[in-house]
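Positions -20 to -1, 1 to 402 (mature numbering (1 follows the signal peptide of the UniProt record, and there is no 0)) are the ones given, in order, by the sequence shown.
Just so you know, these hints were derived from the structure itself, not from any lab.
Bear in mind that the values here come from a model prediction, so they are computed numbers and not experimental data.
Among these hints, one or two may not hold up.
Stated by the list, open to error - Under the rule of at most 25 Å between Cα atoms (straight-line distance), these lysine-lysine pairs were calculated in the BS3-like manner: (1) LYS60 <-> LYS227; (2) LYS227 <-> LYS2; (3) LYS94 <-> LYS204.
As the list claims (entries may be wrong) - What follows is a list of derived Cβ distance ranges for each label pair: (4) SER14 <-> ASN355: 53 to 59 Å; (5) GLN73 <-> ASP281: 43 to 49 Å; (6) SER186 <-> ALA212: 27 to 33 Å; (7) GLY9 <-> ILE30: 34 to 40 Å; (8) ILE30 <-> ASP281: 18 to 24 Å; (9) SER165 <-> HIS379: 37 to 43 Å; (10) ALA31 <-> GLU225: 48 to 54 Å.
Ideal placement from N, C-alpha and C gives every residue a C-beta, glycine not left out.
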Amino acid sequence: MRKISLLLLLSALVFGCASVKKRTEKSIGTTLNSPFFDNQFTGLLVLDPIAKDTLYSYNSDKYFTPASNTKIFTLYTALKTLPKQAPALRYLQKNDTLFFEGTGDPSLLHHYLKDSTAYSFLKNSINLAYHYSNFQDMRMGPGWSWDDFAWYYSPERSALPIFGNTVMIHDTPDYKVTPAYFKDSVLQIQHSWNREEKRNLFYFDSAERDSLEIPFITDANTIKSVLEGLFAMPITLINEMPKGEKKTLYGIEMDSLYVRLMHESDNFIAEQLLIMASGVLTDTLNSENARNHILKNQLKDLPQHPRWVDGSGLSRYNLFTPKSMVYVLNELYKEVPEERLFSIFPAGGVSGTVESWYTGTEKPYIFAKSGSLSNNYCLSGYLRTKKGKLLIFSFMNNHFRHSPSEVKEQMQTIFEALREGF
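Model the full assembly from the supplied sequences, consistent with the hints where possible.
Okay, here's the thing in structure tokens:
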């Protein structure tokens, strides 16, 4: 009799779970098939990584413009190729001259990261020679909007970034410009642009704002001049390093870069991470080297091969599927301890670009990276259900005419159904 009761109880539990799963699937399907989604392109994949069970799939093998969801692939590449501390410089001492070259590390005197490792190291030298020709990439990414050149979120890529390759202007009593080299290049007038397109001439109207961050043009002579201003000494430009074994100077903890990459959706750090990875894998700094390496090796089993052209997702040339996005998220989950991984990803209702959305009842239940471009919004990451189960998802929306907030509201309805139903 006891055995029969136990069997009946187990049967009821299994039936109940199956019933809840079916109700959840039906609820999600009803939302996705509502008129709201009629005139846009939507894809969703939800995976139970422990059971290796696909819980929901809708257009998951179709290609989407991922926007900043691209940074998930960039994060994975960096974690697989870069050491725990950032390679800040490569250098070679010959007699009384220190020859050095950049590694792509974005943290040198960065306005927010404020790493001074390379600065402190270089300032103690008598003679400095800067090798600039190891950077063999474009300053801007393919498919970037041409008119983004003057906005803080689109700094140029380079071998030796300094101050995040941006000028920071503050309307203080002494009118602060960082780096100070550009102080005489700032005009305090109202202008339709923040900067001239082809030269480092900046515009700042203190009547409209109290601070402004503007990318600057990063040719070798400009970097040389900024460094000379910092060290109060002449610096020689060289196009080839002397013979000898180069040493590496290590700087900031890489997790500091990863957190800013994902929480602030920092495009500049994203681009520079791929350049840094290229420098570890090859003798030159070219982000394509890093992308090709990771796709041919660690990600050779991706369900669909992406079109992947930059590190940040600024380019509309990028094309990824929800299925491939979930594949990489699953690899991250298998390889990175959960506590560390969830500190790198923004938490819904708590931090980063999802601070105002996807709030849990008592604690966060969404840990995910958003991606936004005009008429596009994607969110991919991890979802913790009420029963404690972890799910991996990628939810991509392209070409909508609704407001982003309306799209997020619909997505939140589905996430809450997943949280309650599994």
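Hint check against the structure, violated hint numbers in rising order: 2, 4, 7
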